[in-house]
Amino acid sequence: MTGVKEVLGAVVAAPLGWLARLLDTPLRLWQRLAGQNGMVAFFLLPNMAIFTVFVLLPLVINIAYSMTTGAALFLPERTYVGAAQFERLLRCTDYTDLMTCQEDQFWIALRNTGTFVVLQVTLLIVAATITALILNRALRALSFWRAVFFFPVLLSPVVVGLIWRWILDRNGVLNAALVGMGMDPVNWLLERNYAFSAAIGVTIWAHLGFFALILLAGLQAIPRDLYEAAEMDGTKPARVFWRITLPLLMPNMLVVIVLALIRAVQVFDEAYVLTGGGPGTATLFLTQYIYEVGFASLLKNPGLAAAASILMGGVLIVLTLLQLALGRKNERKGKLK
Amino acid sequence: MSRVMGFLTRRKGGTGWDWTDVFTFVWLGSAVFIMFGPALWLVMSSFKSPAQLSEFPPTLLPYEAQVVTVEGYDRPLPLFSVTDEAGTRTLAEVRRVGTVAQMVDPENPTEVQRINIANRTPVREVGFSWGNYLDPFLRFDFLTYTKNSIFVTGVATLITLLTNSMAAFALSKYEFRGRGFVVVLIIATLMIPLSVILVPLYSIVSGVGLINSLWGVILPTVATPTGVFLLRQYMLTIPDELLEAARMDHASEWQIYWRIVLPLTAPALAVLAIFSVVWRWNDFLWPLIVLSRQEVYTLQVGLNAYAGELNVQWHYLLAMTVITMIPVVLVFIFLQRFITAGIAGTGLK
Amino acid sequence: MGRIQLHDIRKSFGAVDVLKGIDLTVDEGELVVFVGPSGCGKSTLLRMIAGLDQPTAGRIEIDGTDVTPRSAADRGLAMVFQSYALYPHMTVRANMAFGLQNTRMPKAEIDTRIAEAARMLEIEPLLERRPGQLSGGQRQRVAIGRAIVRRPTAFLLDEPLSNLDAELRVSMRAELSALHDRLGATMIHVTHDQVEAMTMADRIVVLRAGKVEQVDTPLNLFNRPANLFVAGFIGAPGMNLWAGQAKGGSVQLDNGAMLPLPVGLAVPDGAVTLGIRPQHLRPQAGGPLQAKVRLIEALGPESVVHADMGAGNGLLAVLPGQPDLARGAVIELGYDPQSVHVFGADGQRLG
Ligand SMILES: Nc1ncnc2c1ncn2[C@@H]1O[C@H](COP(=O)(O)OP(=O)(O)OP(=O)(O)O)[C@@H](O)[C@H]1O
Ligand SMILES: [Mg+2]
Numbered sequence: 003m004t005g006v007k008e009v010l011g012a013v014v015a016a017p018l019g020w021l022a023r024l025l026d027t028p029l030r031l032w033q034r035l036a037g038q039n040g041m042v043a044f045f046l047l048p049n050m051a052i053f054t055v056f057v058l059l060p061l062v063i064n065i066a067y068s069m070t071t072g073a074a075l076f077l078p079e080r081t082y083v084g085a086a087q088f089e090r091l092l093r094c095t096d097y098t099d100l101m102t103c104q105e106d107q108f109w110i111a112l113r114n115t116g117t118f119v120v121l122q123v124t125l126l127i128v129a130a131t132i133t134a135l136i137l138n139r140a141l142r143a144l145s146f147w148r149a150v151f152f153f154p155v156l157l158s159p160v161v162v163g164l165i166w167r168w169i170l171d172r173n174g175v176l177n178a179a180l181v182g183m184g185m186d187p188v189n190w191l192l193e194r195n196y197a198f199s200a201a202i203g204v205t206i207w208a209h210l211g212f213f214a215l216i217l218l219a220g221l222q223a224i225p226r227d228l229y230e231a232a233e234m235d236g237t238k239p240a241r242v243f244w245r246i247t248l249p250l251l252m253p254n255m256l257v258v259i260v261l262a263l264i265r266a267v268q269v270f271d272e273a274y275v276l277t278g279g280g281p282g283t284a285t286l287f288l289t290q291y292i293y294e295v296g297f298a299s300l301l302k303n304p305g306l307a308a309a310a311s312i313l314m315g316g317v318l319i320v321l322t323l324l325q326l327a328l329g330r331k332n333e334r335k336g337k338l339k
Numbered sequence: 002m003s004r005v006m007g008f009l010t011r012r013k014g015g016t017g018w019d020w021t022d023v024f025t026f027v028w029l030g031s032a033v034f035i036m037f038g039p040a041l042w043l044v045m046s047s048f049k050s051p052a053q054l055s056e057f058p059p060t061l062l063p064y065e066a067q068v069v070t071v072e073g074y075d076r077p078l079p080l081f082s083v084t085d086e087a088g089t090r091t092l093a094e095v096r097r098v099g100t101v102a103q104m105v106d107p108e109n110p111t112e113v114q115r116i117n118i119a120n121r122t123p124v125r126e127v128g129f130s131w132g133n134y135l136d137p138f139l140r141f142d143f144l145t146y147t148k149n150s151i152f153v154t155g156v157a158t159l160i161t162l163l164t165n166s167m168a169a170f171a172l173s174k175y176e177f178r179g180r181g182f183v184v185v186l187i188i189a190t191l192m193i194p195l196s197v198i199l200v201p202l203y204s205i206v207s208g209v210g211l212i213n214s215l216w217g218v219i220l221p222t223v224a225t226p227t228g229v230f231l232l233r234q235y236m237l238t239i240p241d242e243l244l245e246a247a248r249m250d251h252a253s254e255w256q257i258y259w260r261i262v263l264p265l266t267a268p269a270l271a272v273l274a275i276f277s278v279v280w281r282w283n284d285f286l287w288p289l290i291v292l293s294r295q296e297v298y299t300l301q302v303g304l305n306a307y308a309g310e311l312n313v314q315w316h317y318l319l320a321m322t323v324i325t326m327i328p329v330v331l332v333f334i335f336l337q338r339f340i341t342a343g344i345a346g347t348g349l350k
Numbered sequence: 002m003g004r005i006q007l008h009d010i011r012k013s014f015g016a017v018d019v020l021k022g023i024d025l026t027v028d029e030g031e032l033v034v035f036v037g038p039s040g041c042g043k044s045t046l047l048r049m050i051a052g053l054d055q056p057t058a059g060r061i062e063i064d065g066t067d068v069t070p071r072s073a074a075d076r077g078l079a080m081v082f083q084s085y086a087l088y089p090h091m092t093v094r095a096n097m098a099f100g101l102q103n104t105r106m107p108k109a110e111i112d113t114r115i116a117e118a119a120r121m122l123e124i125e126p127l128l129e130r131r132p133g134q135l136s137g138g139q140r141q142r143v144a145i146g147r148a149i150v151r152r153p154t155a156f157l158l159d160e161p162l163s164n165l166d167a168e169l170r171v172s173m174r175a176e177l178s179a180l181h182d183r184l185g186a187t188m189i190h191v192t193h194d195q196v197e198a199m200t201m202a203d204r205i206v207v208l209r210a211g212k213v214e215q216v217d218t219p220l221n222l223f224n225r226p227a228n229l230f231v232a233g234f235i236g237a238p239g240m241n242l243w244a245g246q247a248k249g250g251s252v253q254l255d256n257g258a259m260l261p262l263p264v265g266l267a268v269p270d271g272a273v274t275l276g277i278r279p280q281h282l283r284p285q286a287g288g289p290l291q292a293k294v295r296l297i298e299a300l301g302p303e304s305v306v307h308a309d310m311g312a313g314n315g316l317l318a319v320l321p322g323q324p325d326l327a328r329g330a331v332i333e334l335g336y337d338p339q340s341v342h343v344f345g346a347d348g349q350r351l352g
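Protein chains in written order, with the numbering used here: chain A, 3 to 339; chain B, 2 to 350; chain C, 2 to 352.
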């Protein structure tokens, strides 16, 4: 193992080392000219330049963009319309009937995403918690079992989508199994409710291992002697779970829930490859809506897409702040101990 | 064997069967099936011929129809097992008309028999359609897609490691005005997903002329706040005295960076490198937006385009899905320990 | 080669003045030790000389050249750190070679220098190991070796022995002294162990709160401390210091004891502090000092007696052998008046 590592290290390091040496003399000169602050600037420049152009600038432009209309791509060429795009997104004649909304697609996507978030996160967290609890039972071959659950996490969303599209195909293996058991085959991806459930199930399949792993780390951090003390007191296992395990796991659990929410709100690639948003609009989610309005549809409306993404960003920022606050709180607790 | 049984029947506390034991077994047992099953099924299916793929119910293993070369016929003839009043025998099909097939006994090629097709099943054995893997590379653009994916993954990871580590170095080892501001800025943008800035990012990338260029895919992803954050946390643990010793040793600041700090940050760099490779290999939405010409597609975009065609050629699509999966599976097999430790430690994905 | 001069060096971190104007000359080939209580600015001063920090004001000269604006690398000095600061990812050999490679020295020359230093420090068998595989003492030698190969104009050592156990510290102390004799190079050594300072130094610089209290040879410091602080700081156990009123050639303490002063020393009448080293007290029936024994530390060849003289005045005496004393006993002590130190109301030495 070390041999492999060292060989790999040498292979990567040799050309880089050569490059670094090449830069040595010019940078020494620069250091003489510009001093230590000049070197700090040099070290920061590449990352911060890219960061500014491709992360910060878009964030700022996005707001301006959402207040313009037209098909032109560049901001200066676009027409200012104030809050019209937001109004268009949010205006409905009758809020009990989404079909009366001006952008009914947005509302459908919003409703679908909302339903998806609630169902997917609930099921995902429950499944991840159960998995973590089971893995924490001092199993033998823990690393094997961990690998079992973790395996899909690294797969690309496109691969995940295609794997399941193949399995859920009308003539796929799942229907074959149903028929084998004497049941009727199901049109998994062509019926609204089945397709929606499939999107939930597949995303859970793909991310379960990640969340179980974080929860497992939390479980493993609970001191063993607490359990031993409870055992000495003759506490019942169920009570141990509710009174010791769950409260001590809570800080981790909250972070995991928020993280799962953040991911679920942005759901796109797996579902898109799996169902393409269909049948009809049954699995049209917010990110896909933004993608289609902004890039894919015939009547592109980048301003509208920007407005929608700002609304989505707002939700995400709230969730992120929540997560940072929770993380901060955990850190403080950790320090107190 | 007894070890396996011992393992399988191990229970909580060692005595009696608790309901939790049963539950654990059911959960883990189905997990192996549900987690590994789909990927295995994909691999099996990817070796099947188009005809076999359209069979229902599908067979577990890929099969190939047996053929024989029969005297008097130019091309090899498919073999069938025939069962009728005359008993069971193996015949080769010459021609089929409606529900009746003209068949010959390979041993006795001159006598043509007429067999109802309901009375016969093809003779086949396990065989792999390697063509599923070769054709997309030879006849379609998958070789280009693969090259593009490798280029994007490799270059993006290298740039990520370089720029992130340089920034992390400056932010952890130097005192300068505005340092706190930059750090806060980076932490604040940790969680801003691409999907929120799609539209303006597209206009910027197109403004610098990188639409339909692999660089347009690479650049927006390399300044990851996550990477800077991770590396900075690690570099903060390197004692400043080492840097001062190097300064006394005539080292320039640049040398301190690459001869002292970088080697000592190797564990964190490895974690970031692994994640970066997986991220960039798997990226989908952004490449999908930036790349609209076939010759610049990455594998993920290419696969999606292929899967979106009216007549999906599943035999090629499945094989290419397997190809796309391979690097990630390799990373998983060899570096699992690194990754799980990295996630548990940082919540990074 | 190796004369270091400091002119009015000042350093502030924000509003805190850490160094308050330091003037000092370290001569060529001299081994100078900085001592002082923790936090007095020893490391800060050393880092300033090294060039790792810039003084807020003042000038540093090496061999007559002003090096204040120069960076650490260009001052030709070498430093040994308290934590050794060996590069953990490099072998011992690479650690020693690093600084030389940076000056583009030919490889052959580097190899000879490393071989020479390794022989001198007896670390030849360790050259291919990494710092993590060495003991504390071995790391110490490597750190010194890394400084030696550079052939610096001066060595700067910041508490290089404080991470070693007591026994190793004593032997390394001797080795460092021997090394200094052999190399003949200027060395500045920081410590807060005064035994280390006394045994190694050509001259000692006593620092307190960012100021130089006294610069002198170890024996002069011991025999003629310039002020109360140095008197109390140098020597173990610490000097007896008693406040009293001088009157006509002797001093009256608060408890009434009348103590004679050295003959020929003109002390104006008024408040003074009298200092006598514990080693200079001896039993004397009817002597001027009477005290009640509180604690006896019998060390074998000598005994340290802690006693009370009343009115809050304590007394420490180091008596030869193992005197037959019990706790609570009253002892009477005398001394040679010539061994007494007298300090005025401003804390400065009189005479
Ligand atoms: N970077 C800094 N910022 C603010 N104050 C500092 C800094 N470095 C040192 N100080 C302060 O300067 C004073 C002198 O520190 P220095 O490290 O020189 O002490 P020292 O004499 O070496 O002590 P020790 O014997 O404990 O090593 C201390 O009070 C310390 O708190
Ligand atoms: Mg110090």
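Hint data in this document are derived by calculation from the structure and do not stem from the laboratory.
All C-beta atoms in this analysis are idealised placements derived from N, C-alpha and C, irrespective of residue type, glycine included.
Honestly, I wouldn't trust all of these hints.
[What the hints assert, rightly or not] Taking beta-carbon pairs under 10 Å as the criterion, some of the chain C residues facing chain B (in silico): (1) Leu53; (2) Phe82; (3) Ser84; (4) Tyr88; (5) His90; (6) Thr92; (7) Phe99; (8) Leu101; (9) Thr104; (10) Pro153; (11) Leu157; (12) Phe223; (13) Arg225; (14) Asp309; (15) Gly313; (16) Leu317.
- Message: For a quick check of understanding: which of the numbered hints are violated here, in increasing order?
- Response: 6, 12, 13, 14, 15 and 16
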